[in-house]
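Please model the complete structure; the sequences and the hints are all you need to start from.
Protein chains in written order, with the numbering used here: chain A, 1 to 594; chain B, 1 to 365.
Straight line, CA to CA, 27 Å or less: simulated DSSO-like cross-link-like pairs of lysine-lysine:
| hint | chain 1 | residue 1 | chain 2 | residue 2 |
| --- | --- | --- | --- | --- |
| 1 | B | K226 | B | K273 |
| 2 | B | K183 | B | K229 |
| 3 | B | K80 | B | K183 |
| 4 | B | K320 | B | K229 |
| 5 | B | K80 | B | K110 |
| 6 | B | K80 | A | K418 |
| 7 | B | K183 | B | K173 |
| 8 | B | K80 | A | K512 |
| 9 | B | K110 | A | K512 |
| 10 | B | K65 | B | K110 |
| 11 | B | K275 | B | K226 |
| 12 | B | K215 | A | K423 |
| 13 | B | K66 | B | K110 |
| 14 | B | K341 | B | K296 |
| 15 | A | K418 | B | K215 |
It should be emphasised that the hints constitute simulated quantities derived from the structure, not laboratory data.
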Amino acid sequence: MMRSTLILNRLRFAFTRPHFVIGILLLILLTVLVVIPFLYMVHDTMVWQEGDRRISREANPGALTFFHYKRVFSSPLSLNIFYKPLLRSLATSLAISFLAVALGSLLAWLLVRTDIPLRKTIAVFAVIPYVLPSYTLALAWLDFFKNDRIGGSMGLFQFLLGYQPPDWLAYGFVPIVITLSLHYYPFAYLLLSGALVSIDSHLEESAEVLGAPRPTILRRITFPIVLPAIISSLILTFSRALGTFGTPYFLGAPVRYFTLATTIYSNISNRTSAVAYISALSLILISIVIVYANQKIIGSRSFVTIGGKGFRPRLTPLGRWRYPAFFFAASLIFLAVFIPLSLLLWQTLMLYPNDYSLGNLTLHYWVGKSNPALAEGESGILRNLQILGAAWNSIKLSVIVAVLTGLIGVLIGYAVVKGRGSKLSSLLEQQSFLPYLIPSIAFGAIYLSLFTRKIGPLPALYGTFFLLVLVCVAKNLPFSARSGISSMLQIAGELEEAAVMVGASWFCRFRKIILPLTLAGSLSGFILTFIATMRELSLIILLVTPETRTLTSMTFRYVEQGYSQFADAIIVLIVILVVGGEFAARRMGKREMI
Amino acid sequence: MAWIELEGVTKRFGSVVAVNDLNLQVEEGAFLTLLGPSGCGKTTVLRMIAGLEIPDQGEIRIGGKKVFSSREGLFVPPGKRGVGLVFQSYALWPHMTVFENVAFGLQIQKVRGATIRERVMTVLRYMHLEEMAQRYPQEMSGGQQQRVALARMLVTSPAILLMDEPLSNLDAKLRMEMRAEIKRIHRESKATTVYVTHDQTEALTLSTWVAVMDKGILQQVDPPQKVYKRPANLFVADFIGSPTINFMTGEIVQREEGAFFEAGALRLPVTFKVKDGSKGVTAAVRPEAIRISRTKGEHGFEGEIYSVLPAGAEWIIQVKGEGKIFNIREVSEPSFEIGEKVYLHFLRDQIIFYDRERGNLIYPI
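Here is the structure:
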């Protein structure tokens, strides 16, 4: 038969296969959600913008130019608008990743491999910072360390000790590094404890039989084996820290300490959006290099042996270090969870800032009626229609995003697994990973550049709730796609084919076989996406308008206006929602296996 | 009349040709086994008949009706072919009870509720599962799960039953039991059955026809006894039978007294002729077609007892001779010592000759 008819037939029959059709549709969806917005942003950096008339006479909106690149990379302004923020981004991210990984891996070793007291309890609390919004600690830090010279009112530190904490302690590099390290250490902890649990204990025992003392075993055997996991958590923490917006903004902006992420925001506010887009591109570039490096390094060194099957390793006795170790772990959790949350809660109960005495306590900022003398007459958050509206928006957004991402994740999993071996399948798998490479704030910038304009018959989406849904769905896709693929791998293809054999249509199969079987796995993924969206700030801050405000954007606004009580009260609300979600996810997790 | 027909069917996966220009007919009511080593393409053939794989070329007809034709761009989906399939993994839906698993196909066909109940319970009773209707598959043993899978296939009364290594996950005892069960189903339903296995005992005991495949190419289609006694080529001869058939390479030599197969010390008269230039011949002899004796006799050749392997009801004796090891099956307890010098005699009417280069059967045809 002719080769051309062969290809034609293949194509024709391919369209009778649902996974092929779905794969094509998903590929188009991903292109619309990620690739096209990205190209638009690149395009925007290379043409004159409307706002450029203010800064250059040559400005000719729409025409091609390298003006923005020159301005960012080699002009008298470059140092302040690009190189300094870049260096600060790199410096803070580097410091954060080292500190966070040091804390996380030490904790992992203590909890997995030693006889530290109360290990199970500590392990439960150790991951909580990870589900909190990343800037929770930043706000708590401000409540404690801010000084009235810059912060407007004094924090607890100044109240107790009577003198202003120095700026370097209250703002900028030091607090950014400390608060974000306390936020990110659970990531390293989770990765490392996973690696430590899966080490075949025979590897260590054979060294012990040879007479090696425990510290030597730790140094010569255990450490080299978990090294890839350590490097991996370093790299991934670095990449996350790079794209985070809230903390560097809250702690850096008051002293004009800008990182790339925060310059993107301020450049958008100043309407020099091309500069913001170039910064975003730089962030994306760094992020791609990092993820690539991670794959290179880990790909060639993945000798983490998952050979040991449930051999409980013998625990290292800590001896007289037992209680100091416990003290370390406990205080880490107190510093990262309990103290900041109590501080935030306390702050919401203070009638006037500056006054930490018991007499100043009030529920006004929670349930109080409007009082013109306080906070320009805004009522307490639980009767404030604006905030309740924002809370409703947040919940609505999180639920819709969680459902949509979960569903798309299952579909991606289906198309990828069923099409294994085909080009479409691998292309889809790769493309669903793309949003992971784009730091949150840059992702917001990309969407801003595309959706502030009309596209063909479509109206501009900027300012709509739908746009927030789009950006959150797109950003969360890599995770849901991965869980969709792994749960689809467990559902052998034969389970669906058995339904094909009796003539069940694709929708029937999807509804009655595929969805019920993946639902168990998707449920905890659903809650995780819910949590991630609930606390999301970096991603949506550029896209939120007063009509589409969320809890996180309201916090941001109140911090900017200096109403820390409101800001903190909203954070407490978010914390209640996400921690509740986290516990729900764990309970589901236990029941989920059929 | 042929009930299932495959004509010039080819299927590639990437650059691998899984099935190459296959022509196969299955008679109505036959029990055909597709047999071959793993990766030979047998499962792909089954899945193409089911409609789960789409061939690249060729035509497939079921009951005289075209269900696939590459020339016409015709493809009938699995549900409309009137076939039932049992998977290797059983593929029972874990979130449904036994009853729901079996009822699913009838629900899809929009059968009335009361009728569904009746038909499901009938087939469950037939498979001795009536007590299990409300259980979930993972609460059952492997053998019971297999019965559910069979029940699910049977409930829609398909005209064609397809089974993909259905017994490979069961232990030896259950496998015997289920073989009998499958044979009963075939006898009583009279459905044309295509069965895939790599287990030749299964193939030889169950089928009315055996189709042997290797590397995507059909090697032989014949009744089981013929496949065993007259393998069509060297591959089939070697693949079928345990212990494996004994090969001896030699030549056909024309002498004044007639034609002989000569290999080392062995010299056997033969009654067939070969063309010039294709003198290289391989003789194949089943283990039960060799006798061991202490006397040379006519056409005997010398060997030495290498090892004696008792296997329950029979003994496998290995004899070293002519530079190779022969497997010989004995049904009575042998009295040979290891290292003892003996003579081997081939039962002349059971020797099969192949063209060594092309591998095809020369005699008897």
